[in-house]
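Student: Our numbering puts the first residue of the sequence shown at 122, with every later residue one more than the last.
These are computed hints drawn from the structure, not numbers from a lab. Every residue, glycine too, gets a C-beta built ideally from N, C-alpha and C. One thing to keep in mind: the hints can contain errors.
No more than 30 Å apart at the CA atoms, straight line, and that leaves these computed lysine-lysine pairs for DSSO-like [claimed, not checked]:
| # | residue 1 | residue 2 |
| --- | --- | --- |
| 1 | Lys307 | Lys271 |
| 2 | Lys212 | Lys284 |
| 3 | Lys284 | Lys271 |
| 4 | Lys232 | Lys307 |
| 5 | Lys232 | Lys284 |
| 6 | Lys232 | Lys271 |
| 7 | Lys307 | Lys429 |
| 8 | Lys307 | Lys212 |
| 9 | Lys212 | Lys271 |
| 10 | Lys307 | Lys266 |
| 11 | Lys266 | Lys284 |
| 12 | Lys232 | Lys429 |
| 13 | Lys307 | Lys284 |
For each label pair, taking beta carbons as the anchor points, the in silico distance ranges come out as [unchecked claim]:
| # | residue 1 | residue 2 | range |
| --- | --- | --- | --- |
| 14 | Ala588 | Arg349 | 28 to 34 Å |
| 15 | Leu451 | Val410 | 31 to 37 Å |
| 16 | Leu492 | Ser295 | 44 to 50 Å |
| 17 | Ser186 | Ile362 | 44 to 50 Å |
| 18 | Arg269 | Leu451 | 44 to 50 Å |
| 19 | Glu354 | Val167 | 31 to 37 Å |
| 20 | Leu458 | Lys271 | 25 to 31 Å |
| 21 | Met491 | Val167 | 20 to 26 Å |
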Amino acid sequence: MAQSEAFGAECISGPGTDCRVVMKRLFSEYGSLLVFLLLCGYYSVVTWSEQHPTNAAAGRSLAQSIIARHGVQSDTLIIVRDTVADRVFAKAISSELTELGGHVRETVFAKAPVDAGRALRRISSDDPLEAVATHHAGTQWGPLKVDRLKRLANQLSLPQVPKVHVPESYMWPSFLTWSNILNVFKNNADIAIIAIGMTMVIITAGIDLSVGSLLALSGVISAVMIQRWWGGEDAGLGGLIAGCLIGAGICALSGTLNGIMVTVCHIPAFVVTLAMMMVARGLALIIAVDYQSFLSGGGTKGTPEAVKIDHEAFGAFSNGELFGIPNPILLTLLLYLLAHILMTNTPVGRYIYAVGGNREAARLSGVPVMLVLIFVYTLCGAFAGLSGVMDASRFEGGRPNAGELYELRVIAAVVVGGTSLAGGEGRIFGTLVGAGIIAIIQNGLNMQGVATYEQMVVFGSLILAAAMIDQLKKSDWALRIFELPQRWIKKPRQGETPR
């Protein structure tokens with residue numbers, strides 16, 4: 122409290138320059154976080170609606186309500202969809218009912234509503250059913266509607282109509298449901314990871330347009346190596362790791378080549394990485410086509426389809442979870458923590474900022490400018506390669522068309538996170554917030570039914586707006602707004618007439 126009062130007093134009565142510096146720092150460091158919170162608030166309001174839970178907690182609560190209604194000897198039929206989430210829901214119902222003394226007649230994982238109808242028609246008058254446990258989606262199926270159940274009871278001469286039970290609904294923003302939050306950040310983990318390397322590149326006043334194509338190249342190479350050289354579904358852990366390292370390693374070497382061309386040949390980074398973008402995409406397509414041709418025996422030319430990976434453990438890399446948190450989210454947080462330490466507590470981080478601030482001054486100060494630039498481009502390529510492995514794991518195959526226009530979203534995340542395109546300024550955790558902003562906007566647009574090609578307009582405009590804000594920050598326009606209250610409440614000097 123004392124510090125806050127001191128800060129306020131300094132801004133009111135102290136030197137204007139000190140206040141301007143403090144306000145500029147606050148705006149620079151926390152502006153993107155404010156935007157993030159405002160977006161969360163906005164989408165929370167516009168997605169406020171009735172929620173129908175289908176998680177394990179809802180299943181246990183539903184089982185308890187069935188026992189309370191029908192007694193401990195109740196006979197229950199569980200009908201859910203054949204999905205992973207519904208299986209967890211059904212297991213929770215069954216376990217809780219059994220623990221409380223109830224009886225589960227059957228658990229039906231329906232692939233279609235007709236499967237629910239078949240299960241209900243197996244009821245007989247000699248062995249009537251008291252309760253049906255399902256969820257809100259199940260009640261929309263014809264066989265579980267009240268009129269159909271009454272008709273079925275009459276046809277089978279049942280002593281009573283089975284009572285359909287569903288979890289209690291509640292009002293809550295769809296955006297803030299736990300499943301949606303996890304999906305938002307899981308599905309955008311590859312963007313966030315690539316953005317780490319892009320942040321370092323942009324801090325050095327560079328750019329890398331090849332990251333999306335390198336992602337595709339890494340995924341395709343990893344898939345081909347695992348399928349063709351390491352046994353496919355019979356591949357061991359060592360083979361999986363080797364295939365992934367080769368795919369990501371080739372992308373890291375591509376980043377090294379980018380850095381060498383920029384530093385040694387003095388070719389603008391825009392031109393070098395644009396060329397690499399086209400080369401990497403072409404190679405990904407060529408490898409995919411050749412692999413499909415290989416599968417067909419070489420008689421016909423293949424098509425650029427995804428190279429499927431038939432290995433359960435490989436899919437668990439992106440689709441598995443630890444302590445209820447998806448693996449991609451945990452990996453993203455770990456990499457951001459390591460990158461933050463690198464940029465703030467090591468000489469390498471200081472060198473990166475120095476090169477971006479003034480390349481010639483850094484060189485004269487003994488900073489190995491060429492090595493620093495090659496390092497950041499290599500790291501950016503490596504992160505793109507890692508994201509390619511994650512993409513292949515998530516979709517169970519290397520997709521040659523994966524990562525299209527990812528460079529747009531990655532650059533948007535970095536710039537929105539506060540990194541200056543002019544170089545020398547930026548924060549790793551700011552980029553994490555920027556990636557979160559991009560993820561939230563994309564999720565919100567999807568929930569509102571905005572088409573993918575229309576979203577491109579939004580992300581392009583976002584980059585332009587972030588660049589304009591970066592320029593306006595340098596002109597101190599925001600600080601002038603904050604200084605207005607100071608002029609109104611500033612005490613008059615002795616001998617002055619108050620205005």
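Student: If you draw a straight line from the CA of Lys307 to the CA of Lys271, is it 30 Å or shorter?
Tutor: Between Lys307 and Lys271 the Cα gap is close to 44 Å, so the pair fails against 30 Å, i.e. violated.
Student: Keeping to a limit of 30 Å between CA atoms, is the pair of Lys232 and Lys307 held or broken?
Tutor: Distance ~26 Å between Lys232 and Lys307 Cα, so the pair holds.
Student: Does Lys429 lie within 30 Å of Lys232 when you go C-alpha to C-alpha?
Tutor: Roughly 25 Å separates the two Cα atoms, so the pair holds.
Student: Straight-line Cα separation of Lys266 and Lys284 no greater than 30 Å?
Tutor: Between Lys266 and Lys284 the Cα gap is close to 10 Å, so the pair holds against 30 Å.
Student: Please work out if Lys307 and Lys212 have their alpha carbons no farther apart than 30 Å.
Tutor: holds (25 Å)
Student: Met491 and Val167, beta-carbon distance inside 20 to 26 Å?
Tutor: violated (50 Å)
Student: Does Lys284 sit within 30 Å of Lys232, going by the straight-line distance between their CA atoms?
Tutor: Given that 30 Å is the threshold and the Cα spacing comes to 22 Å, the pair holds.
Student: Taking only the CA atoms, is the gap from Lys212 to Lys271 under or equal to 30 Å?
Tutor: Roughly 28 Å separates the two Cα atoms, so the pair holds.
Student: Within 31 to 37 Å or not, the Cβ separation of Glu354 and Val167?
Tutor: Because 45 Å falls outside the window, the suggested range is violated.
Student: Run the distance test for Lys212 versus Lys284: straight-line Cα separation, threshold 30 Å.
Tutor: Distance ~20 Å between Lys212 and Lys284 Cα, so the pair holds.
Student: CB of Leu451 to CB of Val410, is that within 31 to 37 Å?
Tutor: Holds, since Leu451 and Val410 (Cβ atoms, about 35 Å apart) stay within the stated range.
Student: Taking only the CA atoms, is the gap from Lys307 to Lys284 under or equal to 30 Å?
Tutor: The hint is violated at about 38 Å.
Consistency with the previously given hints fails for numbers 1, 10, 13, 14, 19, 20 and 21, ordered from lowest to highest.
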